[in-house]
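Engineer: Keeping their order, the protein sequence lines are chains Z and Y. For the first sequence, counting from 1, position 386 maps to 386 in UniProt numbering; every step adds exactly one. For the second sequence, counting from 1, position 151 maps to 151 in UniProt numbering; every step adds exactly one.
Read the hints as simulated data drawn from the structure, not as lab findings. Be careful, since some hints might not be right.
No distinction is drawn between identical chains; accordingly, a pair holds when it is met within one copy or between any pair of copies.
What the hints assert, rightly or not - Distance condition first, Cα-Cα at most 30 Å in a straight line; then the derived DSS-like pairs of lysine-lysine:
{"hint": "1", "residue 1": "Lys-275", "residue 2": "Lys-361"}
{"hint": "2", "residue 1": "Lys-276", "residue 2": "Lys-370"}
{"hint": "3", "residue 1": "Lys-370", "residue 2": "Lys-154"}
{"hint": "4", "residue 1": "Lys-347", "residue 2": "Lys-370"}
{"hint": "5", "residue 1": "Lys-23", "residue 2": "Lys-154"}
{"hint": "6", "residue 1": "Lys-183", "residue 2": "Lys-370"}
{"hint": "7", "residue 1": "Lys-183", "residue 2": "Lys-68"}
{"hint": "8", "residue 1": "Lys-19", "residue 2": "Lys-183"}
{"hint": "9", "residue 1": "Lys-183", "residue 2": "Lys-23"}
{"hint": "10", "residue 1": "Lys-351", "residue 2": "Lys-22"}
{"hint": "11", "residue 1": "Lys-226", "residue 2": "Lys-370"}
{"hint": "12", "residue 1": "Lys-22", "residue 2": "Lys-353"}
{"hint": "13", "residue 1": "Lys-370", "residue 2": "Lys-336"}
Each chain, written out:
There are 2 protein chains.
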Amino acid sequence: MPHRVVVIGSGFGGLFATKELKKADVEVTMISKTSHHLFQPLLYQVATGILSPGEIAPVTREILAKQKNARVLLGLVEDIDTEAREVVWRYHNRTERTPYDSLIIAAGANQSYFGNDQFAQFAPGLKSIDDALELRARILNAFELAEIESDPEKRAKILTFVVIGAGPTGVEVAGQIRELASKTLRHDFRNFDPAAARVVLVDGAAHPLPPFGESLGKRTQRDLEKLGVEVLMSQMVVGMSDSTVTLRDRDGNEQVIESICKVWSAGVAGNPLGKKLAERTGVELDRAGRVRVNEDLTIPGHPEIFVVGDMMSLDGVPGVAQGAIQPGRFAARAIKDRLAGREPAAKFEYKDKGSMATIAKSKAVVKIGKLEMGGFFAWLAWCGLHLFALTGFKSRLSTLMRWSMSYLSRHRSARAVTNQQLVGRLALEALGERASGHLLVDDVDVHPIAKRN
Amino acid sequence: MPHRVVVIGSGFGGLFATKELKKADVEVTMISKTSHHLFQPLLYQVATGILSPGEIAPVTREILAKQKNARVLLGLVEDIDTEAREVVWRYHNRTERTPYDSLIIAAGANQSYFGNDQFAQFAPGLKSIDDALELRARILNAFELAEIESDPEKRAKILTFVVIGAGPTGVEVAGQIRELASKTLRHDFRNFDPAAARVVLVDGAAHPLPPFGESLGKRTQRDLEKLGVEVLMSQMVVGMSDSTVTLRDRDGNEQVIESICKVWSAGVAGNPLGKKLAERTGVELDRAGRVRVNEDLTIPGHPEIFVVGDMMSLDGVPGVAQGAIQPGRFAARAIKDRLAGREPAAKFEYKDKGSMATIAKSKAVVKIGKLEMGGFFAWLAWCGLHLFALTGFKSRLSTLMRWSMSYLSRHRSARAVTNQQLVGRLALEALGERASGHLLVDDVDVHPIAKRN
């Protein structure tokens with residue numbers, strides 16, 4: 001029987017680990033709670049109506065269709081029985097156990113609200129296709145509401161968008177909402193000027209994009225301000241309600257911003273699976289709840305278990321795509337080395353391929369080692385790299401076409417809003433126990449949608 | 001003050017009526033419960049993963065952005081105060097009244113279950129983007145379920161799809177599910193052969209596509225059968241449950257098909273607004289609940305009120321796009337004629353531009369007057385006409401690209417399934433009163449998503 005590798009998660013870490021095992025004499029089982037791989041760096045473009053979900057979320061089993069040693073199972077991993085070496089997972093109300101010889105855990109991270117979990121209901125994060133579609137509905141619906149609102153004070157509140165967290169996602173979302181308001185929607189309303197929409201970007205740091213350094217950070221701030229984004233730095237969010245955000249600066253002064261549509265892109269919290277693993281194996285978690293791995297990405301006492309990507313805590317590895325791709329491949333290579341009787345590399349070393357963020361049309365910042373670049377050429381580099389990195393020729397072609405369209409005109413073609421998007425997580429909550437993650441708690445032999453209580 | 005025209009609905013009837021009024025000295029207010037226009041003839045392609053919602057559902061206010069005499073309001077029309085000449089509509093918990101001088105009602109139709117409304121929960125229809133996305137989730141999820149199901153009997157039940165109603169939509173959905181199973185998904189699964197999926201098309205008529213006549217109908221049946229669709233004609237659906245459909249033939253013999261994923265595309269029921277209108281004005285409704293209009297598409301005693309499209313009952317006008325576009329334009333022209341002091345045409349006459357339906361890749365049937373055509377050239381004609389009829393250059397280009405892709409390869413690029421799609425109407429139901437149509441029952445000054453109970 002070939003060596004059995006189980007990979008948990010279909011994100012960058014899980015997918016690249018699986019692909020690295022393509023020619024190995026192993027049997028790979030990927031278990032994931034979504035049927036798609038998600039190209040998270042472009043999620044904000046789904047949220048702001050440029051791209052459709054299909055373009056950044058190709059179906060994982062299609063990507064792996066030709067890899068005969070890999071199978072994909074849709075399921076939510078609930079536990080890892082490290083004694084029996086079995087992954088415990090669920091699909092609807094059916095629980096399965098899948099045995100492994102080697103295990104690569106790449107289950108990703110959740111949004112962190114730094115202890116203020118009550119903020120989550122007012123300012124959802126942007127981690128999944130569902131999040132993006134819901135945010136799209138919330139943004140576009142705010143303009144619809146504004147069109148029928150005659151009270152100017154209420155309208156101002158509806159048209160104030162607050163983005164919390166000035167990392168790449170926060171910067172990109174803030175810039176895109178401004179472009180949407182001032183360009184895309186320019187001719188669409190009769191009772192108000194969409195360009196009047198206020199977009200506020202808030203962060204506790206001194207400038208946007210802290211990892212890019214002060215020079216690019218300040219440049220980003222100037223570019224955002226030129227676009228009309230209000231950039232409020234060195235501000236902590238200390239309170240939130242349906243229609244307000246309360247900020248406190250370093251001197252303790254507070255201000256309240258009236259805003260209904262708020263987005264959270266500030267922090268990363270470990271996956272609940274990390275906690276399970278800690279209970280089972282005694283592995284340490286860092287403050288954010290991520291798993292502290294050995295230098296070779298395994299966990300103490302379990303050379304057969306690798307943790308990679310956003311779930312892993314390792315100094316010097318940033319929470320970007322490369323921070324999951326490189327560890328995923330490293331873990332897969334270690335498994336291949338062991339099977340071949342070779343000594344695997346003792347230490348994972350992260351190769352910094354640079355960081356990039358777009359601010360708006362024709363504006364981006366790029367940092368590769370000591371090279372820092374901003375403006376149009378940085379933006380071109382950003383476009384090229386992201387196109388190149390998208391999985392699949394079709395997605396690339398289709399994305400290139402949409403980008404060209406929205407660059408040459410002011411249009412965004414993915415502005416459709418459905419009932420499901422509108423009710424979003426509110427509906428999932430109302431379903432309660434019947435909807436858990438991607439997986440309805442329901443009889444497996446009855447179709448989830450057909451089954452009613 | 002210019003003449004005020006209110007148009008209810010953003011479908012073919014409402015949109016073409018509004019566009020016809022572009023240069024008239026009127027003030028048009030379109031009130032619609034969706035923010036998009038829907039190109040319904042291609043809805044089945046969204047359901048089966050070929051197109052994305054944006055491609056067939058452009059935002060109405062974008063289509064009308066340059067038409068300065070038109071404004072668009074997102075709202076659910078609840079009543080028409082024919083005395084005061086005001087449309088009563090709601091957005092969230094806010095009720096508005098919009099006065100009109102002329103009114104064009106084009107609010108569309110609902111699915112009819114011919115008195116068996118309990119079937120709706122087991123076999124949803126295909127009328128909206130929400131329906132299509134939910135159906136996509138149900139179809140693709142059935143294959144996911146089959147991959148982890150080891151009991152061959154249960155798996156067969158999961159992989160049996162029953163389509164009820166052999167009109168164009170039913171024929172197209174049945175054909176597409178077979179193509180999806182036998183071509184697109186061919187290499188994607190490890191534990192079963194997706195081509196084993198059983199697709200059953202059921203109708204009470206003697207052959208598919210009754211309005212196309214016996215010759216094309218029989219040809220369609222043969223083509224479907226060659227694809228592997230089981231075509232069960234002269235069968236009535238007399239019972240349904242989570243996992244079964246009961247059929248009865250003309251001799252009273254019953255058979256039970258075990259199937260979880262069922263689709264209903266059999267009948268059209270009038271819009272509830274028709275009933276309101278009947279209560280207010282005494283206008284007659286036909287058996288399906290559609291409004292019986294005068295020959296000039298107005299209703300008795302109310303020359304200022306036109307009813308067009310699927311909501312109207314008029315002999316010889318089929319329930320296709322042209323059956324709404326032509327009446328919509330006719331009503332708009334009548335309004336312009338009156339304003340110019342000209343006598344409007346006394347009688348609407350439907351110009352039959354032909355009917356078309358696709359069966360599968362390279363196969364379609366076309367009937368234009370006495371011309372009947374099937375096969376590859378009919379399919380080419382179908383493609384050309386539908387591309388031409390799509391609203392907007394971008395949608396056309398983008399759709400053409402996706403069709404070429406899925407024709408040349410076996411791929412479908414819009415296979416992403418979200419949590420929201422999966423829980424679909426189950427979630428909307430759980431929300432109950434808080435979700436009504438597109439419109440959450442909620443404070444208008446609080447964002448629907450942020451507001452919780």
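Engineer: How do Lys-370 and Lys-336 come out at 30 Å by Cα distance, when the copy is not named: within, between, both, or neither?
Structural biologist: neither (35 Å within a copy, 68 Å between copies)
Engineer: Can you give me the call for Lys-22 and Lys-353, within, between, both or neither, at a CA distance of at most 30 Å?
Structural biologist: For Lys-22 and Lys-353, only the intra-copy Cα distance (24 Å) is at most 30 Å; the inter-copy one is 54 Å.
Engineer: Checking an output row: Lys-19 and Lys-183, CA cutoff 30 Å. Within, between, both or neither?
Structural biologist: Only across copies: Lys-19 and Lys-183 sit 23 Å apart there, 41 Å inside one copy, limit 30 Å.
Engineer: How do Lys-23 and Lys-154 come out at 30 Å by Cα distance, when the copy is not named: within, between, both, or neither?
Structural biologist: neither (61 Å within a copy, 34 Å between copies)
Engineer: Reference check for the pair Lys-226 and Lys-370, CA-CA at most 30 Å: within, between, both, or neither?
Structural biologist: So Lys-226 and Lys-370 pass the 30 Å test inside one copy only (26 Å; across, 64 Å).
Engineer: Under a CA distance limit of 30 Å, which applies to Lys-183 and Lys-370: within one copy, between copies, both, or neither?
Structural biologist: neither (35 Å within a copy, 50 Å between copies)
Engineer: With identical chains treated as interchangeable, where does the CA-CA distance between Lys-275 and Lys-361 reach 30 Å or less: within a copy, between copies, both, or neither?
Structural biologist: So Lys-275 and Lys-361 fail the 30 Å test inside a copy (41 Å) and across (50 Å) alike.
Engineer: As a check of your reading, is Lys-183 near Lys-68 (CA-CA no more than 30 Å) within one copy, between copies, both or neither?
Structural biologist: Between copies, since 18 Å is at most 30 Å while 47 Å is not.
Engineer: Reference check for the pair Lys-276 and Lys-370, CA-CA at most 30 Å: within, between, both, or neither?
Structural biologist: neither (40 Å within a copy, 70 Å between copies)
Engineer: With identical chains treated as interchangeable, where does the CA-CA distance between Lys-347 and Lys-370 reach 30 Å or less: within a copy, between copies, both, or neither?
Structural biologist: within (25 Å within a copy, 77 Å between copies)
Engineer: Indicate which option fits the pair Lys-370, Lys-154 if close means a Cα-Cα distance not exceeding 30 Å: within, between, both or neither.
Structural biologist: Classified as neither: same-chain Cα gap 47 Å, cross-chain 60 Å, threshold 30 Å.
Engineer: Is the C-alpha distance from Lys-351 to Lys-22 at most 30 Å within one copy, between copies, in both cases, or in neither?
Structural biologist: within (23 Å within a copy, 59 Å between copies)
Violated hints, listed in ascending order, are 1, 2, 3, 5, 6, 13; each of the other numbered hints is respected by the structure.
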